[in-house]
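Let chain A serve as the given structure and place chain B on it in line with the hints.
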Amino acid sequence: MEIFTTAIGLILSGNTDLITIITLSLRVSLSATLIAALFAIPTGAALAILQFPGRRLLLVISSAFMALPPVMVGLFVYLLLSRSGPLGEFGLLFTPTAMIIAQTILIFPIILSLTQQAVQPLNREYISLFNALDTPRSLRIQTIIWDARFAVSIAILAGFGRALAEVGAVIIVGGNINGLTRVMTTTIALETSKGNLQLALALGLVLLMIAFSVSLLTHTIARMGEKYQMVRA
Amino acid sequence: MTQLSLNQAKITIGKEILLGPITLKLKLDGITAVLGPNGAGKSLFLALSHGTITPNLGSVLWSGETATTNRNTRGYMLQTPVVLRRTVRANIDFALLSQGLKGDNRSTKIDEALKRAQLMDRANAPAATLSGGELRRMNLARALVTNPKVLLLDEPFAGLDPAASAAMETIITEVAESTPILMAHHDLVQTRRMSNHVLFFKNGQLCENTCASAFFFKPQSDEAHQFLQGQLL
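Chains as they are written, first to last, in our numbering: chain A, 473 to 705; chain B, 687 to 919.
Pulled out of the complex, with its shape left as it was, chain A reads as follows (with noise of 0.2 Å):
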């Protein structure tokens, strides 16, 4: 009981390290899950409503990829930016840019694949409507986002989710440099090896709490939706 104690006083110390550590992570999360979602949700989007040879093959690679080891992609990403790859000019390995790189990589299949199946039964419900008015194509893709939104802001949650919980690419192509590129997932997996549980712990607590808000922000976001749906079959 008395970690617990330790690691909650250091949470509400405003440890300078604790706080850097958190700020990063959340910086280099919310990052990926933007640039992730400003290209996976139109995507997502327009797979569910065009026909194209190859689009069910595309649709099977996205959902595998939901599934895409973070440790692989962290791998991947290495390569590319390692002094010898093909971006290794850049210098960017072992920088916040290179885990946002990794991130979003990770996390834009999810995203994608969420989106396509959040919008793709609201196509199949409005297409009448959009034939019979001869609606273009870009306004039908705006409309079912728009409509599917709260579908949409979930899968945009749970991509961010899944972005702040890994820590196998980040750790690859960050490097887990301290004050530089030290998150919270890789500080607990540092901290644990080391012994000192109760840094691990803090740090453990405060990705809870941001698991929680999240949750919380999804319930939300899901009951704001509910007015909006249709009220009998």
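Treat the hints with care, as some may be off.
Stated by the list, open to error - A partial selection of chain A residues facing chain B, derived with a Cβ cut-off under 10 Å: (1) E597; (2) I599; (3) F602; (4) L605; (5) D606; (6) T607; (7) L611; (8) T615; (9) E663; (10) A694; (11) G697.
To be verified - Which chain A residues stay away from chain B? Per the calculated CB distances, all over 12 Å, these: (12) I494; (13) A518; (14) L529; (15) I533; (16) A536; (17) G647; (18) T690.
None of these hints come from the bench; they were simulated from the model.
In this text, a Cβ means the ideal position worked out from N, Cα and C, and glycines have one as well.
Coordinates of chain B only, in the frame set by chain A:
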């Protein structure tokens, strides 16, 4: 004058003929009723006329232009109302947006359509909260708001109680004074009261194409005769 002409138009699935071949030239004025028992091909004929379905054989032309083009110069009311998860006003606005209309005069047009459909007091309600009758009227308003050259109504009275049906009848009759209407329906009494021309279908075949009074007093085909006797219902 709006003219619809079909030349040997036929819809098939595999070897089965669903509709046609139909050849007709029709100058639309007032209300033209598309009559027939369930499964006669009324909805299919309307979709074919609107250009949301293309014929497997033959052609469908509106004043010389193929039906698949300029679809948004016609208003189409679907048999099953499609409800966008937005307010009533936004649902109606969607028809204008589909035409690429931006700018302020949209709101005047929407107000006018709302007034005609007697939905002013429901304008800002989520469309999902409307009653069955209000939903049908919203769909009519959405078809009307673009000032179409012709209106195609697919069973506008389906599922309405006598009061809602009477309200709908008043609105449609009023609209017909300025806009020609092609309307699928199966209620004989109402059709007789409202229409001035009748297209009678059975088993995907156009059996009669005649003025309403002739159809109701002296039907030429056996099928129409039986239908009026209530034998095909």
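So, going through the hints one by one against the coordinates:
no.	hint	in the structure
1	E597	holds, 7 Å
2	I599	holds, 9 Å
3	F602	holds, 8 Å
4	L605	holds, 4 Å
5	D606	holds, 4 Å
6	T607	holds, 4 Å
7	L611	holds, 6 Å
8	T615	holds, 7 Å
9	E663	violated, 47 Å
10	A694	violated, 13 Å
11	G697	holds, 8 Å
12	I494	holds, 37 Å
13	A518	holds, 18 Å
14	L529	holds, 27 Å
15	I533	holds, 30 Å
16	A536	holds, 31 Å
17	G647	holds, 46 Å
18	T690	holds, 18 Å
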